[in-house]
Amino acid sequence: MDELQQLRSFGNDVADPSIDAVGRGRRALVERIAAQPAIARPNPRKRIALFSGVSALAAGALVATLVFTNVLGLAGWRGGADAAAASALSEAAAAAIETSDPVVGPGQYLKVDTEAVFSGGGQNADWENFAYLGTQNSQLYIPADHSDDWVLVTEPRAAIKVFGEGFEEEAQEAARATFDKEEISRAPYGGFDNSKPRDWRLDDLPRDPQRLLNYVYRVTAGHGVSADGQAFDFISTTLRTGVVPAELRAALYRAVAGIPGVEITDEAATLNGRTGIAFGREEKDGFLHEIIIDPDTGLLIGERTVQLVDSKLVPVFAGEVTGWTAVTTTVVDEAPAGGSLCGNGGEPLNGLGSGQCTDPNRPRTD
Amino acid sequence: MTSDNEIIRRSWDNPAVFAEMYDRHATTVYRYAARRAGIDTADDIMAETFLVAFERRNRFDSAFESALPWLLGIATVLIRKNRGAEARFLRAMVASGPPATVVENHDDRLDATLAIRDMAGAIRRLPARDRDALLLYAWGDLDYEGVALALNIPVGTVRSRLNRARRVLRLSAGITPAKEVDRGRTSTAPIIR
Numbered sequence: 001m002d003e004l005q006q007l008r009s010f011g012n013d014v015a016d017p018s019i020d021a022v023g024r025g026r027r028a029l030v031e032r033i034a035a036q037p038a039i040a041r042p043n044p045r046k047r048i049a050l051f052s053g054v055s056a057l058a059a060g061a062l063v064a065t066l067v068f069t070n071v072l073g074l075a076g077w078r079g080g081a082d083a084a085a086a087s088a089l090s091e092a093a094a095a096a097i098e099t100s101d102p103v104v105g106p107g108q109y110l111k112v113d114t115e116a117v118f119s120g121g122g123q124n125a126d127w128e129n130f131a132y133l134g135t136q137n138s139q140l141y142i143p144a145d146h147s148d149d150w151v152l153v154t155e156p157r158a159a160i161k162v163f164g165e166g167f168e169e170e171a172q173e174a175a176r177a178t179f180d181k182e183e184i185s186r187a188p189y190g191g192f193d194n195s196k197p198r199d200w201r202l203d204d205l206p207r208d209p210q211r212l213l214n215y216v217y218r219v220t221a222g223h224g225v226s227a228d229g230q231a232f233d234f235i236s237t238t239l240r241t242g243v244v245p246a247e248l249r250a251a252l253y254r255a256v257a258g259i260p261g262v263e264i265t266d267e268a269a270t271l272n273g274r275t276g277i278a279f280g281r282e283e284k285d286g287f288l289h290e291i292i293i294d295p296d297t298g299l300l301i302g303e304r305t306v307q308l309v310d311s312k313l314v315p316v317f318a319g320e321v322t323g324w325t326a327v328t329t330t331v332v333d334e335a336p337a338g339g340s341l342c343g344n345g346g347e348p349l350n351g352l353g354s355g356q357c358t359d360p361n362r363p364r365t366d
Numbered sequence: 367m368t369s370d371n372e373i374i375r376r377s378w379d380n381p382a383v384f385a386e387m388y389d390r391h392a393t394t395v396y397r398y399a400a401r402r403a404g405i406d407t408a409d410d411i412m413a414e415t416f417l418v419a420f421e422r423r424n425r426f427d428s429a430f431e432s433a434l435p436w437l438l439g440i441a442t443v444l445i446r447k448n449r450g451a452e453a454r455f456l457r458a459m460v461a462s463g464p465p466a467t468v469v470e471n472h473d474d475r476l477d478a479t480l481a482i483r484d485m486a487g488a489i490r491r492l493p494a495r496d497r498d499a500l501l502l503y504a505w506g507d508l509d510y511e512g513v514a515l516a517l518n519i520p521v522g523t524v525r526s527r528l529n530r531a532r533r534v535l536r537l538s539a540g541i542t543p544a545k546e547v548d549r550g551r552t553s554t555a556p557i558i559r
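Residue numbers (our numbering), protein chains in the order written: chain A, 1 to 366; chain B, 367 to 559.
Do not rely on the hints blindly, as some may be mistaken.
[Stated by the list, open to error] Derived list of chain A stretches under chain B, where covered just means 3 residues or more per stretch with a C-beta under 8 Å from a C-beta of chain B:
id	stretch
1	110-122
2	223-232
3	280-291
[Said to hold, decoys possible] FRET-style restraints, in silico, Cβ to Cβ:
id	chain 1	residue 1	chain 2	residue 2	range
4	A	G107	B	D406	58 to 64 Å
5	A	E169	B	G450	50 to 56 Å
6	B	R422	A	K181	28 to 34 Å
7	B	E421	A	D101	47 to 53 Å
8	B	S432	A	K181	39 to 45 Å
Bear in mind the hints are in silico, worked out from the structure with no lab data behind them. From a predicted model like this one, the values you see are computed outputs, not experimental measurements. Every residue, glycine too, gets a C-beta built ideally from N, C-alpha and C.
Build the full structure now, drawing on both the sequences and the hints.
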């Protein structure tokens, strides 16, 4: 045992905080948050109730007092999506089942191409706030035989839109920080960065839409801004992995139809050149969260987030699209060569227990 | 799941969403603090870390997806401010070994228990900056880059601080260095900051 392992062994089994302490800490935070005037002012045209900070706690309490099962749960208690959305989702589900999934033959790869834009922000040396939209694109190649090398290509990032004049340089620098080169990682079972095999645990998800939605409410309870919003978030996060088989995709669409507040928010939403129907939910966090589905094929085009309030710190206004992910899944014969377990030149921390990679030569941009 | 940086970014305008950071990371912050300063102090460090983080949420560098290095960095500053508690905890460990509740009653652990008493003394005497880097790495389970983010220092500096701290620990625990030959003086002298 070397000195680090000895040090790590100490307190490995230190207990988790008491429920009391966790509750006290959370109350203190929620009180502090409540004492702070909301920075955003609700847009009068799109007035939404501001989250009170209590509902997540209330949801937590619900978990403590109700026994959820997949059969008996929250789904359907308080209605569901509006009628037009529910019907369009049902049609998309039917189309999804009719469209067969691509078959990955021996030696081939399932390629998941993800084009994503996220909103970032920071402060410059003069304490001025800035915000930007940054790219976060990647391609994941999953081999037919999962014990072969999976390959993950991560593209360099860039800021594609900067809010406010004079912050272009800061924004580019912030977006690129440590992600300024293309990186190729490869690992059997998708265990990139010396991590555990990649497993989306799709087999855990019930295929019956009602049970599926109960399952989603159960595993997300107590998190996020609202139970319905978190369920919607869980489903869109699952869909955007790009690896969801048609039958489960159909069930997820039907489950979305059971979430209150979901409506058709755009009949013809275009993302990355593909057009589909946007199903969205206005969340109390001040954002409209959408998934976009091609109605003809039932394929997921992607997801999108629209800000509903004007920011006060930065010039980002209601109606601004502040993030999206477009996902395309295909079958290909080859994956790029090169790369290592930990990307370009990074090495696993050799058996020191952190299970992470490090690249000692990676420059920092501060 | 929405990433930490997205949530923090959203909390600029909608402070309430920040509570999600607590739900995600409070336990990890607590465990780190408990290992450094004992469970009595850890409750307060956990709570205070998120109050400070909330006040500084628009200074979080949102190019990084995980907020954990940043949060553990805040916890580290709070532990340092509360140096008395950490020093008392380490002194108690030197005197009587780690608290019985945190070490399994297991033969293999006996050696470790003895060694940790020696180590606790060495950790106490480390310069604060080396101690922070070492314990974020070993107990905060961050990688080099995470430690660099937490302490807001370059990765190269993390590496040299860790090398120095590990050498001191090795000597204190009586572990013979495998290859490394100790060059120059080892800083076992107490440095008060």
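>> Using C-beta distances, would you say chain B covers the stretch 280-291 of chain A, given that this needs three or more residues below 8 Å?
In response: holds (count 4)
> Is the hinted range of 28 to 34 Å satisfied by the C-beta distance from B/R422 to A/K181?
Replying inline: holds (30 Å)
> Can the suggested window of 39 to 45 Å be confirmed for the beta-carbon pair B/S432 and A/K181?
Replying inline: violated (20 Å)
>> Quick check: do three or more residues in the stretch 110-122 of chain A have a beta carbon closer than 8 Å to a beta carbon of chain B?
In response: holds (count 5)
> Per the hint of 47 to 53 Å, is the separation of the Cβ atoms of B/E421 and A/D101 within bounds?
Replying inline: holds (49 Å)
> Would you say the stretch 223-232 of chain A counts as covered by chain B, given the rule of at least 3 residues with C-beta under 8 Å?
Replying inline: n = 3 at 8 Å, threshold three: holds.
> Holds or violated: 50 to 56 Å for the Cβ distance of A/E169 and B/G450?
Replying inline: violated (44 Å)
> Do the Cβ positions of A/G107 and B/D406 conform to the proposed distance bound of 58 to 64 Å?
Replying inline: Holds - the Cβ-Cβ distance for A/G107 and B/D406, about 59 Å, lies within 58 to 64 Å.
Going through the hint list in order, the structure does not satisfy hints 5 and 8.
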